[in-house]
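Throw the hints in and build the complete structure from the sequences for me.
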Amino acid sequence: GDSVTQMEGPVTLSEEAFLTINCTYTATGYPSLFWYVQYPGEGLQLLLKATKADDKGSNKGFEATYRKETTSFHLEKGSVQVSDSAVYFCALPSSRSTSGTYKYIFGTGTRLKVLA
Amino acid sequence: SAVISQKPSRDICQRGTSLTIQCQVDSQVTMMFWYRQQPGQSLTLIATANQGSEATYESGFVIDKFPISRPNLTFSTLTVSNMSPEDSSIYLCSADRGINYGYTFGSGTRLTVV
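Line order of the protein sequences matches chains A and B. Our numbering numbers the first residue of the first sequence as 1 and each following residue consecutively. Our numbering numbers the first residue of the second sequence as 1 and each following residue consecutively.
Misleading hints may appear alongside valid ones.
[Unchecked claim] Between beta-carbon pairs, the in silico distance windows are:
| # | chain 1 | residue 1 | chain 2 | residue 2 | range |
| --- | --- | --- | --- | --- | --- |
| 1 | B | S27 | A | E16 | 34 to 40 angstroms |
| 2 | B | Q41 | A | G61 | 26 to 32 angstroms |
| 3 | B | F61 | A | E8 | 23 to 29 angstroms |
| 4 | B | K65 | A | E15 | 40 to 46 angstroms |
| 5 | A | D54 | B | G40 | 31 to 37 angstroms |
[As the list claims (entries may be wrong)] Computed list of lysine-lysine pairs in BS3-like fashion (alpha-carbon distance at most 27 angstroms, straight line):
| # | chain 1 | residue 1 | chain 2 | residue 2 |
| --- | --- | --- | --- | --- |
| 6 | A | K103 | B | K7 |
| 7 | A | K56 | A | K68 |
| 8 | B | K7 | B | K65 |
| 9 | A | K103 | A | K52 |
| 10 | A | K103 | B | K65 |
| 11 | A | K52 | A | K113 |
[To be verified] These stretches of chain B come out as covered by chain A in the derived footprint (C-beta under 8 angstroms, 3 or more residues):
| # | region |
| --- | --- |
| 12 | 19–28 |
| 13 | 101–107 |
Everything labelled a hint here was simulated from the structure, so no lab data went into it. The structure presented is a predicted model; accordingly, all values stated were derived computationally and were not measured. Heads up, the beta-carbon is just placed ideally off N, CA and C, and yes, glycines get one too.
And the structure:
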């Protein structure tokens, strides 16, 4: 079945360091891919998305490229800030849930801690 | 894009009691979803709530434990019934904006059962 695999955290970086959080997927076809971010004490927010192969999603300095050859959607940022400390989730819409609508599969989440 | 207001943001409850979580969306949405996020883990879908019909529950979740209401296209509630410490989690509601747009989430309810 469809699945999402994320690198395990926590990831601890110094401010202005380069960030990569790996995400690979298995899926039927070429679904849209998403990154969500969860700041401490909050719900999830959509960070960026890509709807087809070779698309690059970007937002707030974060980027991720949909690579079908490697079935990957790695999240990158050139220079992280303390305010980027959060948990990051990779996700894709997968098989339909029992209600008939699409059921999203979320990765296990990667906690990022940025030190000043 | 839709904005979802969820409340309460957190609560500490006694075992055996029930808590109702509310989500209000600022625009009409067809489907709303309820997730559970246990400490340090990813999200697990509890059920899908479609206005005008009974919620559809995922494997491992039952209506008696997690009754859901969806009285209109902008509102939904989830009740966690007869709580035990194992129910301590973050509960999140969300709305589907379409397969290419992802979900919008509420800010979550952090529930602690003592």
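Checked hints:
1. B:S27 / A:E16: 34 to 40 angstroms: 39 angstroms, holds
2. B:Q41 / A:G61: 26 to 32 angstroms: Between Q41 of chain B and G61 of chain A, where Cβ atoms are some 28 angstroms apart, the hint holds.
3. B:F61 / A:E8: 23 to 29 angstroms: 27 angstroms, holds
4. B:K65 / A:E15: 40 to 46 angstroms: Check passed, 45 angstroms falls within 40 to 46 angstroms.
5. A:D54 / B:G40: 31 to 37 angstroms: 34 angstroms, holds
6. A:K103 / B:K7: 24 angstroms, holds
7. A:K56 / A:K68: Judged against 27 angstroms, a Cα distance of about 12 angstroms means the pair holds.
8. B:K7 / B:K65: Distance ~19 angstroms between K7 of chain B and K65 of chain B Cα, so the pair holds.
9. A:K103 / A:K52: 18 angstroms, holds
10. A:K103 / B:K65: 21 angstroms, holds
11. A:K52 / A:K113: Answer violated: K52 of chain A to K113 of chain A is near 30 angstroms, above 27 angstroms.
12. 19–28: violated (count 0)
13. 101–107: holds (count 7)
Figure legend: structure checked against the earlier numbered hints; hints not met, in rising order: 11 and 12.
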